[in-house]
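K.L.:
Here are the chains, one letter per residue:
2 protein chains.
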Amino acid sequence: MQLSETRLSERHRSTLDQALEAIRTRAHWSPHPEHPKAYGESAPADGLAAFEALRGSRFELGQPGTDGWAGGEISPYGPELGIEYPHADPDVLLPAMRAGTGAWREAGPELRALVCAEILARIGARTHEFAHAVMHTSGQAFMMAFQAGGPHAQDRGLEAVAYALAEQTRTPSGAVDWSKPQGKRDPLELRKTFTAAGRGISLLIGCNTFPTWNGYPGLFASLATGNPVLVKPHPRAVLPLALTVRVAREVLAEAGFDPNLVALAAEHPGEGIAKTLAVRPEIRIIDYTGSTAFGDWLETHARQAQVYTEKAGVNTVVIDSTDDYRGMLSNLAFSLSLYSGQMCTTPQNLLISRGGITTDAGPKSYDEVVTDLAAAVSGLLGDDARANALLGALVNPDVKRRLADAAGLGEVALPSREITNPDFPDAVVRTPVIVKLDGSKPDAEAAFLSECFGPVSFAVSVDSTADGVELLRRTIRDRGAMTVGAYTTSPEVERAIEEVCLEESAQLSLNLTGGVYVNQTAAFSDFHGSGGNPAANAALCDGAFVAHRFRVVEVRRQA
Amino acid sequence: MQLSETRLSERHRSTLDQALEAIRTRAHWSPHPEHPKAYGESAPADGLAAFEALRGSRFELGQPGTDGWAGGEISPYGPELGIEYPHADPDVLLPAMRAGTGAWREAGPELRALVCAEILARIGARTHEFAHAVMHTSGQAFMMAFQAGGPHAQDRGLEAVAYALAEQTRTPSGAVDWSKPQGKRDPLELRKTFTAAGRGISLLIGCNTFPTWNGYPGLFASLATGNPVLVKPHPRAVLPLALTVRVAREVLAEAGFDPNLVALAAEHPGEGIAKTLAVRPEIRIIDYTGSTAFGDWLETHARQAQVYTEKAGVNTVVIDSTDDYRGMLSNLAFSLSLYSGQMCTTPQNLLISRGGITTDAGPKSYDEVVTDLAAAVSGLLGDDARANALLGALVNPDVKRRLADAAGLGEVALPSREITNPDFPDAVVRTPVIVKLDGSKPDAEAAFLSECFGPVSFAVSVDSTADGVELLRRTIRDRGAMTVGAYTTSPEVERAIEEVCLEESAQLSLNLTGGVYVNQTAAFSDFHGSGGNPAANAALCDGAFVAHRFRVVEVRRQA
Numbered sequence: 003m004q005l006s007e008t009r010l011s012e013r014h015r016s017t018l019d020q021a022l023e024a025i026r027t028r029a030h031w032s033p034h035p036e037h038p039k040a041y042g043e044s045a046p047a048d049g050l051a052a053f054e055a056l057r058g059s060r061f062e063l064g065q066p067g068t069d070g071w072a073g074g075e076i077s078p079y080g081p082e083l084g085i086e087y088p089h090a091d092p093d094v095l096l097p098a099m100r101a102g103t104g105a106w107r108e109a110g111p112e113l114r115a116l117v118c119a120e121i122l123a124r125i126g127a128r129t130h131e132f133a134h135a136v137m138h139t140s141g142q143a144f145m146m147a148f149q150a151g152g153p154h155a156q157d158r159g160l161e162a163v164a165y166a167l168a169e170q171t172r173t174p175s176g177a178v179d180w181s182k183p184q185g186k187r188d189p190l191e192l193r194k195t196f197t198a199a200g201r202g203i204s205l206l207i208g209c210n211t212f213p214t215w216n217g218y219p220g221l222f223a224s225l226a227t228g229n230p231v232l233v234k235p236h237p238r239a240v241l242p243l244a245l246t247v248r249v250a251r252e253v254l255a256e257a258g259f260d261p262n263l264v265a266l267a268a269e270h271p272g273e274g275i276a277k278t279l280a281v282r283p284e285i286r287i288i289d290y291t292g293s294t295a296f297g298d299w300l301e302t303h304a305r306q307a308q309v310y311t312e313k314a315g316v317n318t319v320v321i322d323s324t325d326d327y328r329g330m331l332s333n334l335a336f337s338l339s340l341y342s343g344q345m346c347t348t349p350q351n352l353l354i355s356r357g358g359i360t361t362d363a364g365p366k367s368y369d370e371v372v373t374d375l376a377a378a379v380s381g382l383l384g385d386d387a388r389a390n391a392l393l394g395a396l397v398n399p400d401v402k403r404r405l406a407d408a409a410g411l412g413e414v415a416l417p418s419r420e421i422t423n424p425d426f427p428d429a430v431v432r433t434p435v436i437v438k439l440d441g442s443k444p445d446a447e448a449a450f451l452s453e454c455f456g457p458v459s460f461a462v463s464v465d466s467t468a469d470g471v472e473l474l475r476r477t478i479r480d481r482g483a484m485t486v487g488a489y490t491t492s493p494e495v496e497r498a499i500e501e502v503c504l505e506e507s508a509q510l511s512l513n514l515t516g517g518v519y520v521n522q523t524a525a526f527s528d529f530h531g532s533g534g535n536p537a538a539n540a541a542l543c544d545g546a547f548v549a550h551r552f553r554v555v556e557v558r559r560q561a
Numbered sequence: 003m004q005l006s007e008t009r010l011s012e013r014h015r016s017t018l019d020q021a022l023e024a025i026r027t028r029a030h031w032s033p034h035p036e037h038p039k040a041y042g043e044s045a046p047a048d049g050l051a052a053f054e055a056l057r058g059s060r061f062e063l064g065q066p067g068t069d070g071w072a073g074g075e076i077s078p079y080g081p082e083l084g085i086e087y088p089h090a091d092p093d094v095l096l097p098a099m100r101a102g103t104g105a106w107r108e109a110g111p112e113l114r115a116l117v118c119a120e121i122l123a124r125i126g127a128r129t130h131e132f133a134h135a136v137m138h139t140s141g142q143a144f145m146m147a148f149q150a151g152g153p154h155a156q157d158r159g160l161e162a163v164a165y166a167l168a169e170q171t172r173t174p175s176g177a178v179d180w181s182k183p184q185g186k187r188d189p190l191e192l193r194k195t196f197t198a199a200g201r202g203i204s205l206l207i208g209c210n211t212f213p214t215w216n217g218y219p220g221l222f223a224s225l226a227t228g229n230p231v232l233v234k235p236h237p238r239a240v241l242p243l244a245l246t247v248r249v250a251r252e253v254l255a256e257a258g259f260d261p262n263l264v265a266l267a268a269e270h271p272g273e274g275i276a277k278t279l280a281v282r283p284e285i286r287i288i289d290y291t292g293s294t295a296f297g298d299w300l301e302t303h304a305r306q307a308q309v310y311t312e313k314a315g316v317n318t319v320v321i322d323s324t325d326d327y328r329g330m331l332s333n334l335a336f337s338l339s340l341y342s343g344q345m346c347t348t349p350q351n352l353l354i355s356r357g358g359i360t361t362d363a364g365p366k367s368y369d370e371v372v373t374d375l376a377a378a379v380s381g382l383l384g385d386d387a388r389a390n391a392l393l394g395a396l397v398n399p400d401v402k403r404r405l406a407d408a409a410g411l412g413e414v415a416l417p418s419r420e421i422t423n424p425d426f427p428d429a430v431v432r433t434p435v436i437v438k439l440d441g442s443k444p445d446a447e448a449a450f451l452s453e454c455f456g457p458v459s460f461a462v463s464v465d466s467t468a469d470g471v472e473l474l475r476r477t478i479r480d481r482g483a484m485t486v487g488a489y490t491t492s493p494e495v496e497r498a499i500e501e502v503c504l505e506e507s508a509q510l511s512l513n514l515t516g517g518v519y520v521n522q523t524a525a526f527s528d529f530h531g532s533g534g535n536p537a538a539n540a541a542l543c544d545g546a547f548v549a550h551r552f553r554v555v556e557v558r559r560q561a
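Sequence lines, in order, name chains H and P. In terms of my numbering, the first sequence opens at residue 3 and continues consecutively. In terms of my numbering, the second sequence opens at residue 3 and continues consecutively.
The following block holds chain H by itself, in its conformation from the complex:
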């Protein structure tokens, strides 16, 4: 064994301890630097070179059951990646993935956590390479791909490892001598052992926009709890997860485990293997991020598995009043613009009283608020270089179509603008559209109560803030929400909104006017989603996210 437990422990035990402490205190913590410069002078060039070297090649993984090659990623920035990935015969690959389960279980929670930490550390060391892979599959701008696809994703992975470790060690790992007094007679005595045992193969169904950030929590939660993990990336975003699988296989092998505990399932165009894999009896856990339709399908049909889904939702910001009007506008403008609104956490509906709002800059009518917000977005994105760095590219033609259609839904307060990316002339870069809708009109409601994923937001006029709060409740209950935002200086309104979020289970950001945005969460401190409304049945990350990925098997022996 090249990577001994002692060596892994020296490298990562203190990081795990800090992670365990962080999820308990929820204070700021991260072992993964956000600044590209923190990775060394040659890292940017090395990362780019490593990414370029992957292009136009076969991505070998040495997996059993490889029966062909599949690929076809085209960067949202234009270039074809030209990478082919192994296509698997599940009848061969799945049994091979199970072969190493026994040894992985026997390793125990601590060693599994250390191995996972090593995988994350090696991914971390290659963050520049991953950044290019994420950028050219998701369309995120480089800096966002670097941060969200790199350190933030690694944070979420490590957070899941910490939760898994904590959960599995709630029951003692050594033998327990149990003795029950029987009055004058001898006590009843048993020797008991408790083993955390994985459920079976875990299937990760990756998404297009955040392949690593949305993929790592499930991947590492399952692996750390003793399950092999089959990674089925989105066909447009294979590379970041293929790199992840390669690193995981290397580390597993070096640590003396079967590399097939982590494997990739790439697919031919239109093959739709997620549906076939999801109902295989070997698959006992599924993590999925994507459309509500397929999420619902998984929950209905993959009954042999624990299914964790993040689906569509409609995120709302209630704008009641503020004591920092400029701060509010600039904060919202950034939230709407970041990655062209292609985040599951981007606000969609801005609920504003028809009668206007009160602010530190005097009362503002509904029209003024919308106009000022449009101006704030225009100002933020006025410079094309800055706009490109914030917006990234549209991830796929569906987003472009929705953006075009949105302008027909109502009065356009801010039209979308085409921007040219000088480095990537084929990139489709668009600024957000803001459309005014009347919250009391049923046809408007049909529009704003559906998720319109992409750079589209609706300035919805409501009769009053109280009316808006009820609309907020209905939106969360019926459509789900990953995030809720609100601006108010009124304690009563604040309490009413908080009450709705507590009752309908949504995460609330209040009066954000600085450098934290409603669409961003920090691992170890913030929960991503609540797991209690239709947008997602799990939160990243909590006890519930890991507790059912393994079972504790007890053996009682006559003492």
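Hints in this document: simulated from the structure, not taken from any laboratory. Each hint can be trusted.
It does not matter which identical chain is used: a pair holds within one copy or between any two.
Here are the simulated EDC-like pairs of lysine to aspartate or glutamate, each with C-alpha atoms no more than 16 Å apart in a straight line:
{"#": "1", "residue 1": "K182", "residue 2": "E36"}
{"#": "2", "residue 1": "K443", "residue 2": "E413"}
{"#": "3", "residue 1": "K182", "residue 2": "D528"}
{"#": "4", "residue 1": "K186", "residue 2": "E36"}
{"#": "5", "residue 1": "K443", "residue 2": "D469"}
These figures come from a predicted structure and were not determined experimentally.
Based on the hints, put chain P in the right spot on chain H.
P.N.:
Chain P only, in chain H's frame:
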């Protein structure tokens, strides 16, 4: 507020601390005495009088929406109970149950746990009364009804409260100041609060055989995590849970909470309200113990709820070899006899090698083992008084029918015997039947691979222990198992059986020859079921059983 938090804390905080410690160490612990005498000199007479006073009366609860009265329990020992319970209009009761949710959430995890502990303590003080209620609904013999329906059920309830408390306090309850350094710029700062918020109304669908033992974990897990609980007892076993609801309502009111946080839903004969209630949108959690058919129905249809089910299974004991033949036989004889085998944990299939087994009393052929086991059961139940005290009564006519049919499935090694209960001449009391079946015959397999709930066990001949181990694997995987037992002196066989239990997720008892039986588990130390095979999707009790009954709602405020 008559019951202040201070007073509740004085009474129960140390008990909760001990419970939290016990679930961590898994050592023997219980605050609930098992001996009837521990409850005071007058307790037996008082308990009986209290039970008798309930008979032939209306069981008033003062619930909103009571639109009639329902009842009709007949003791398995013969007498009609003649008690009428409130029948509820869910359109009135369910909204009323939600009214107190906000205050119950605001109380916080600690106060909720203390209130739950007070409810359990008051139930504990009335254990003699509950014992008669359990006896005359389940058919358990008095001592078993006393222990399993009293202290052991209270243990399981308190265990769930402890898990709920631990789970909800993993995230800080006070405000957290989060500060993220930004190099030379000011740090990003937020103030964050985290609130454990229940999901909504929890529905407990009670069972006939262990109304309190199987009911308390879900009831207290849900209540302690902030959810109102609607208790829908089995129509034949209403009283123990109606008493529980009454105590809970009293304590809630005294502690200043809405008593409607716990309510009863009794039903008219054949009304089947579980189906109607289970799919109501207000119902967000369901706990169910009973048939696989209805458990599957709930999992398929009550998609708006978290559904925790304990269904049918086929429990197996592999008999390979033993160094205490007499101990093994007497231990098994007791396991098969206790409560006429009407436990979800009673062994059904005894797998014995066709070629016989090795023992400390020399080699024993398959026939000898079966004959000796039959003799051990006959010996144990030879005295009618002792038999009555062990067997109790058959809970319902279905069990009687299955017992009669079982004799036709194969060669009867031990016929069932009718026993008269001198105190209750109408009680249907039967000793267990043991039927020999050939494990290699498909028609025999059809019989022994179905759950035959009641005093029926099958001595299944297998080609070898290895063959038996594979049959064990198939049984757990396809039919589920709440318990697995094994007798072996071979380390290899032990390892093979352990491996199957780890891979298929089943709880294993090895070489039990003393006063602990495979069908008994101790709260705070043993897990009841694994939650990882078809017999149950949850274990009593672990983190997974409580973690998804609430969600943590975070509010982030600009600092």
